[in-house]
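Peer 1: As a plain string of letters, each chain reads:
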Amino acid sequence: MSATPPLFDLLLALGLVALALGCLFDRHLVRACSVFVGFALSMALAWWQLGAPWLALAEFSLGAGLTGCSLFYALGVLPPGSPLPSRRDWFREPFRQAAIRAVLALAWMGMIGAALRHSVPVMAYSPMQQPLLLAGVAMSALGLGAFALHRHLLRRLLAFNVLGSGVFLLLAGLTGTMAHAQALIITGLGVAWLGTLLGAMLIRRLYHLQGAKALISDNESIRQKRQGP
Amino acid sequence: MNAAWLPPLALSTSLVAAVVIFALPESAWRWRTGVNLGAALVKLTLVVLLGYRVVEGHYDTLRFPVVEGIDFVLRADALGMMFAGLSSLLWLCTTLYAIGYLENSPNRKRFFGFFSLCVGSTLGIAMAGNLFTFLIFFEMLTLSTYPLVVHRGTPKALDAGRVYLRYTLSGGTVLLLGVVLLYSLTSEHSFASEGGLETFLPDHRGLLLLIFALLVGGLAVKAAMVPLHGWLPRAMVAPAPVSALLHAVAVVKAGAFGILRVVYDVFGIELSVELGVTTVLAVAATVTILYGSLRALAQEELKPRLAFSTISQVSYIVLGVSLFGPFGTIAALTHLLHQGLMKVTLFFCAGNYAEELGIHRIDELDGAGRRMPLTSLAFTVGALGMIGLPPVAGFITKWYLGMGAIQAGMPWVIAVLVAVSMLNALYFLPILYRLWFRLGPAHGHGAWPEERRLGRLETSAWLLWPMVATALLSLGAGLFAAMPFSPLGWATAVALGEYLP
Amino acid sequence: MMLPDTLFANALWFNSLLSLALLWPLLLAVNVTWRHVTAGDQGVPQYLDGWWLSAPWPALGLVLLGNGQWILDGWILGGQWELTALSRAWLMFTALLWALAALHARGYFAHEQAKATAGDAAARRRLLRLAVLWPLTLAGNILLIVAQDIASFYLGFSLMTFAAYALVIHDESERAVMGAHVYLIMAVLGEGMILGGFLWVAGEAQVLTLDGLREGIAQAPHGVAMAALLWGGFGIKAGVIGLHVWLPLAHPAAPAPASAVLSGAMIKAGLLGWLNVLPLGNPLLSEGFLHLGQLIMVAGLLAAFGAAIYGVMQRHPKAVLAYSSISQMGMMTALVATGLTAPDNWHLVWPALVLFVAHHALAKGALFMGTSISEHLPAWPLMLMWALLALPGLSLVGTLGAGMASKWGFKSALYDNEQTTLIWLLSLAAIGTAALVSVALWRQWQQRQVGKGNGWQLYAWLATLGLALMTPVWLPLPSESMPFPPFAEWPGLVWPLPLGVVAAGLMLTLWRPKPCVVPAGDLWWLYAALGRAGANVYGAMAQRLYITKAAIVKRALAMETLLMQRLEQLLATDAWMRHHASGLMMALAVGLVALLAWESILS
Amino acid sequence: MSIRFGLVESSVAVLPFTQPALWVALGLPCLLGVLGAWLRPQRTWPILLAGLPLAASGIVLLMIVEQHGLQRWQLEWGKLTVQLRLNGLSVLLLLLTQGLGLVAALYTPGELRHADPAQRRLERWLWPLLGILVGSLSLIWVAADLLTLYVALELMGLSAVGMLLLPGKVESLVAGIRYLLLALVGSLSYLLGVALILGHWGRLDLAGLVQVVEAGPVAWTAAALLGAGLALKAALFPLHAWLAPVHGNAWVPVSALHAALVIKASLFILLQLWSVLIPDSLFAAQLVAWLGVIAIFWGGGLAWRAVELKSLVAYSTVAQMGYLMVVFPLLLGPGIPASVQGLAWQGFWLYLVGHALAKAAMFLAAGNLILATGNTTLQGLTGASRQLPLSLLAFGVASVSLIGLPPSAGFTAKWLLLRAMVIQAQWAWVAALLLGTLLSAAYVFRVFRYSFVETAPHYAFRALPPWLDGLALGLALASLLLGLFAYGPLTLLQGSR
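Sequences listed follow chains A, B, C and D, in order. Residue 218 in this note's numbering is what sits at position 218 of the first sequence, and the numbering runs on without skipping anything. Residue 636 in this note's numbering is what sits at position 407 of the second sequence, and the numbering runs on without skipping anything. Residue 1165 in this note's numbering is what sits at position 435 of the third sequence, and the numbering runs on without skipping anything. Residue 1721 in this note's numbering is what sits at position 388 of the fourth sequence, and the numbering runs on without skipping anything.
In case anyone wonders, no lab produced these hints; they're calculated from the structure. Keep in mind that a hint or two might mislead.
Said to hold, decoys possible - Which stretches of chain D does chain B cover? Using the computed rule of at least three CB atoms under 8 Å from a CB of chain B, they are:
| # | segment |
| --- | --- |
| 1 | 1737 to 1745 |
| 2 | 1752 to 1759 |
| 3 | 1776 to 1784 |
Glycine included, each C-beta is placed from N, C-alpha and C at the ideal position.
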């Protein structure tokens, strides 16, 4: 492996992180979902770059295609003509909570980074050699942080997907293209899509039953008042 | 020759009866009565058979492992058979009584089902061959008694049930810890083990003391020793047969019996003396005896007075245990039976007054002797026995306790005994006075709180004859105490045969 | 005596006689109950019928026709029943008195029976109670006399004690209830002390018989304390000073025949208790017993004099007689004490004592019955009546008949031991007796009524009187122990009488305290006040404790409520955790890694 | 520890019959599920009939393991290798799964018959999901490599979520989507851990990993990631909070299965993986134990205050998982004597099995009570003792085991655990265990307190078919008697080879 970082990988990694940031923190949900589709396409590129064409194909179809469709279905964009839920998330987390999440995400990143530094010797002296690995670490941390932060169900779904991509990227980066790793990733992709689909259906159903508020209220009202002895 | 099937068979009579009763519909009065009485009779027969075999020298044992190194053991030995005999005999009486008492009241199926379970657990306690088995039935007893205590379903009954559970479950937990500690010290240690715990004395004195404290502490809750007695007076809200059972046979006796087992069969009396715990036990029992009597004095209702009297009386057993020597042992064992007979009589009487005349308070008893002469006679016998007057059974116990006290070098116990006798007289004689010498509704002064004519005689025959039987038994146990198979004779045989070299 | 020796000594014969003597009263009690029940709700049988009167007769038969010992293995703690020289004599006078008192009762209660037949429910109830419990009391009395084992003795004693409660409370007046309660309270106290003493001795000596008990006390290290305890326990029944308070309260309240047996037979049971348990006449006694004996003697003499002085101030004739009993029992107590102070002489003293006791029993019985006679004087010459009424009193003082014999008996026994001081003091006490008897007669005279008498009542009284005067004749004691005094000694025996009468006269004329100043029952009122004060203190303490407990309970409940509120807050926290589950998961993972790293650094 | 899990490398020849039996055990549930979706059985006997071969396969496997000990399979599938192993523990859990699955299936028609028609739109889906759940659970017990475990875990998670969502009520949807997202995130955390392992040691089979794993940052991080993810799925404190709403709103057999098995499966994997990755770590186990102590009181306290019957049962699950967590330091850590570890091991699994039975019984009994009274709160039970004695009896017997009173499995397990703790002189946990017992008694007896009330007005109760109560009672009795007759199962557990 050459000493200079592979430029394309670097760019791809930066792009992935940027897209992840975009889809995670854009309050306009349709836009965020669109960015996510872009992110998934970049992921497919990354798989290609890592030498796993099957994975790229899977990512393209499952990640970008089906997951994207599911997300748009949840938003009411697809199929056209269905009622439109509110497409912006107006809820603002208190700053303190956001800060705590940021710290947690950083700690998470540090933890995984440290483990990687131990596990992959090359990371110790030239971390830039494997930018995609780093991107994976960053994405997983970002995804998890965002997942913990957001309340809107759709945004949590998005965060979960980003987290998943980060984990897959890490896995692939660590192990290369071992059959076991590919099996794991493919299973993961499938599960992620199934989960997203299920989530999207649930979001629709909840919106149908309860309106937009149901999508951001994670704390169900405490009905359990003191009764009896 | 070991008939391993006998103990489980005896045990299963009540358990099967419970299952059948639960399965029968609520309205099947005749069937239920038949099952109840049949099971009681069969069980009594089996227990007598087991006792006979014990006399013959066969200690029937059922044993199988539950986990590595811990066995489930049912074993018929002399001490256990004594308790089993008492519980079977009184079960029969109490069942008869309960059938009459609960006539036409709701939830009889539930009542009799748990009643059978309760007595089954008592039999299990009697036949438990090691502490693990004992613990199993001990907790079963707690659970099966709870529905009986809350049977009436009133807020008061439910509160009593809650208090009962708080006390007994906590006690059971403490006991569990003690048993676990003991097992981790000794591994398997059954009641029949020859070697005591003396071997551990040099190295584990503190641990042995701790184990003893935990075991006896846990058992003392059930034995209602002060200050762990709070549940007992409250549990008085239960129907009279339940009170009778709680006080005379099952719950408090289980505690006292457990203390007997722990001192004699687990630690061994010599070791207990060596550890110095018997003195502590004697003092605790004394405190309980005096406190119970003093509290009984202040009660204005009949059943609570009897309840505090139970607290006092049951600790006689513990006192007897703590007096080192054959006489103390005999006293403890004898009182186990005598107190049961007398107290069950008293509770039957209290129940009869409540059922027939609606009497709950002592000052309502004026002149009841005329209206219910047999009941009042039975009550008189019971009360005189509690005071310790001959020829009722209570005198025998007191006598042996006194002898045991001297033998154990604790003459102060005699002063306690005398003081308690006086206190007993102080709270029982006024009742007798009211029964026989005061003028009341029977003489045309006022009216009974709630009079019902339950039977051709003074009350329903179901309620009357069991009470008469137990009264006669308590009289007979005293009058013919020196007979070979009287409670005293049996206790003497047990004490001399098993616990003394 | 008249029977062939073979039958006389036959065990089966003796056993059946003895069983009959004990069971017959019980059977009669059942019989009365049965007749009452079968008579129906309103029916009134003759409660005191001929059968009922026969209750003590088998016991009399036993004394006359039986001799031996019966060991019962299965009985309570092992029974041993026996007629010894002492118990034979004792049973004789006891059964005799009971028989006569029963006859008297037949007459005494005839009026009440009539009322009951006329439909008075209260009278019916009272009669039934008396008719049932009278034989029970008797049975107890007989049992305690024949019993030579501790359990039977105690059983008899308790049975007698508690059953007699019904005799005292009989007429249900306020005074009777009061008297009965005092009686009962003291009795319970006595039972307690006796039980304690028995347990103590029996435990030390491991014995079950009274013989063994005496031996045990003599040898036990704390023998003196045991003896004192038992002495006190029986002393309550026997009316030892300080413990006598129930006598003057219960006797006036009880019906005359009941008073007769109470005073004649039952308080003697206390004395019998002493004879049975105290190591009297045991030559190997320790120093302590000598002191105990002196103490007992002092107590006895104090009772003899104190009761006399207090008694003459009483208004009620039966109260006066009760004090007379206390006084007399005091004299007997002093005599008992000689068994400890001068054990060597005891073999001479005890027959005299028994004679004294027997005579006193019958004489006091006659006196008590006499109180009912003076309330229903028959149409006989007044002088004769009063002479007859005075006769037992005179005999008691020792001026004639059996009284003289008995007095001479113990005096001569004491002379042999040169206890002149005691003799002199006892003679002085006889002055007191004379004074008491005269006061009693005077009070009877004041409260006399004529008519409405009954033959049973009268003739039973006369029979008692006669038998009392002839006590040495029928008492089964060796006749040499009951010599009649030679004529020369008569003045020495008679002189207290005039002195006593004069003293009584002086007392009655010079100082007549109001009844409230010298209430019957003297020390009882002090005890009652003390008891009430004690009860108040106990009550206050209990109240204090109750308040404390209530406060603790309240605090516990408040804490419970607080805990429950905290638990409610848990619900909110739980919801928070639900929302932050993923953040918590991150924290957990990071924390775990940090922990593991730290652990490896540490090691 | 890993030996106790049967994670040893050996080349035992696989016996004939074992593999078919295994395939039946793994595959038949899914097949039956599909069949169920098609036929939608309304009666119990077809279900019982269909369940027979399943049970037979389990019994065959049991007999094989009893006679021949540990069984191992290595299946090659292209470049993938799948490792399976069957030891006493696996077969015990397998039988438990089959039994509970069967009971849940038997209960289902009764539940559906009485359910609100609006909630029955999706009932058809219950059957295949149930089949997949049972199959994936069975797979988890036998899987011996991380990939298979991952697949099975995901299958189990998704099918469980699906089943929980079926009633379609708003509450169940809210709870379900939360559970879905958390389960997915948990899986990803697990996957991250697997990635580290695979990247560092290059293998996924557990038996092989036991040989190569050495302590170090990678092992720690992997253990932490796996642990956190699985803890989330296993509802271990403090990641338990999603559990109560999920249980409260699902169908009864689903709640029963979920509480009894699904969360236990995650715990099973967690313990298995930790025994591979960090067998000598004291602190991690201690942390879990302390969290367990908190969980005991947290769950107990909440259950004590619970208003709804099902949430009471659900919170009690949190507390009961706490007991299992407390055992960790006796299983993992340096220098634990074999005797202590053996006791703790037996106690842990006995407790788990006993709790599974008891909790399932309790859910069924609670479901019966709710069905009959038509009221989900505890107060709705007032006076139930007269009308519903059998349901209450089942609840009572189950709670005996739950509280840990003799002679139940809970008691025997607690006994073993206490002995282990006493030998190790771990007094804090002894105290936690005993106090927790009292606390659980406190909350369980609230139910009876309500049901024994006689003074309240009597509500109309719906009559239930007796077999519904019979199922609950049967499970409860099983958990009760397991305590007394634990010797056989425990010897099965002990014989690891």
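Peer 1: So, for every hint listed, does it hold in this structure?
Peer 2: Hint by hint, here is what the structure shows:
1. 1737 to 1745: Answer holds; 5 residues pass the 8 Å Cβ test.
2. 1752 to 1759: Coverage by chain B holds for the segment 1752 to 1759 of chain D (3 residues, Cβ < 8 Å).
3. 1776 to 1784: Check passed, 3 qualifying residues.
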